[in-house]
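J.: Residues per chain are reported as follows:
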Amino acid sequence: MVTEQEDVSNAVVELLRKTVVRLPQDVEDAIRNAYASETDEVPKMQLKAIVDNIDMAIKGNTPMCQDTGVAIFYVDLPKGCKVDVGEGIVEGVRRATKEVPLRPNAVHPITRKNPGDNVGERMPYISRRIHDQDYIEITVMTKGAGSENMSQLAMLTPSQGLKGIKEFVLNGALRAGSNPCPPTILGVGIGGSSDIAMKLAKEALLRPINVRHKDPEMAKLETELLEAINMLGIGPMGLGGKTTCLGLNIEYAYCHTASLPVGLNVQCWAGRRGTVRIYPDGKATYPTHER
Amino acid sequence: MPKRIKTPISEADARALKAGETIYMDGIVFTGRDEVHIHALEYLEKGKKIPVDFKGAALFHCGPIMKKVEEKWVAVAAGPTTSSRMNSLEPGFIEKFRPGAIIGKGGMSQPTVDAMKEFGCVYLAFTGGAAVLAAKGIKSVEGVEWFELGMPEAIWILNCDNFGPLTVAIDAHGNSLFADVNVKVKENEKKARAKLGLS
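Note that the protein sequences, when read in sequence, are chains A and B.
Per the working numbering, the very first residue in the first sequence carries number 42; after that it's consecutive.
Per the working numbering, the very first residue in the second sequence carries number 53; after that it's consecutive.
Bear in mind the hints are in silico, worked out from the structure with no lab data behind them.
Among the clues, some could well be false.
[Unchecked claim] Result set (DSS-like, lysine-lysine): computed pairs, CA atoms no more than 27 Å apart in a straight line:
| id | chain 1 | residue 1 | chain 2 | residue 2 |
| --- | --- | --- | --- | --- |
| 1 | A | Lys59 | B | Lys124 |
| 2 | A | Lys204 | B | Lys107 |
| 3 | B | Lys107 | B | Lys169 |
Predicted, not measured: the structure shown is a model, and the values here were computed from it.
Here chain A stands alone, though its shape is the one from the complex (with noise of 0.2 Å):
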């Protein structure tokens, strides 16, 4: 047997019913223990909604959240894969849209108007590598659009340096305040280029909020600035309390030495990623997903 479109559009309304169903361990503990810490009445109300909420999505197979946002793919491919991947993917938003079901959030961007199944010009929008295993692997993350909107980017001077990415950083925080749901999760894109800069910050969410840089310097600026916003007292959904953000991870990559692109890829608490693995016999398995 080997791996069909339909095993993957199959595989794909699968990935996304769990990703919009329930999040990742990671996220959910350190959304448990946001609110085991909150001690004032407005802050533990809006997190015991979120908790409560939680539970009810599981308990009843249903979206979280009704902004599923738009599918956002990355994908990677064995050697010499013959499987048309990409148009999987296409059927698989456009069943899941009903079958899940998922909010038809994808419009044209100047005339608004919106064809219902989630799918159009480059959208579902693919990325794709190639890697050394025999089985596809496809991660999606289903990002809502009031966090995504606080998302920046800064063209920055070399001698703005360190300080500039804390300053970046910090006051992208401040500007997002209490529209990105808070708490949130950050992804902060250091170097490449201006678009490497922003893809990189997204990238940066598909880590685990618990797993820090594996370069120790960046490892030490990530736990600097989630203090630092921590400090700021902003709250969940904006209205007051300790926890302000969950999780701030960084992904860096070289750059030209005359610039220095700083990309922030703001995160609402619903951290929602999801990825599959879909092996040569079509089998498929979750990793995100099981427990």
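Following the hints, put chain B in place on chain A, whose structure we already have.
T.: Chain B in isolation, oriented as in the chain A frame:
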């Protein structure tokens, strides 16, 4: 016991609510976000008929996921959207249509706070992303208007029962919990900057 409030909301009802209170809502709630604000104001200007009456209404900044079950719409997930996107439209909307409450998340800017004070309207914060909890408070979907705007942007007519918890975050007396938090955040910013070695 938290206060229960029934729609439509009179100006006196709205003015009786105080920032910081937790309430639950019963009765009809209309969803309306970017496109509903734009269309309603445009229709009014052109003298065209608007399909619902916003007077005393609770307007919910929400683009739900709806599902048709045996010809009837059912709310699957219906949490609030970011209210600040409507900052430029809301003062005009409140003045022209006189709703009793706006339900959303993230708060709204000073011109809306001022309009709420002038015309007797409140802003009720519902926890963002808590869409299943919100759907639980929706007893039935009574109908939909302007469906051609797309599922998230249409006016959904929701019949609510014990919808909440809602925090009175901006009252009709000029108080805003978000503004209070912002004052504290400004002070805390100094400490955060010091921690990061920024002047």
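J.: Checking against the hints above, which ones are violated?
T.: 2
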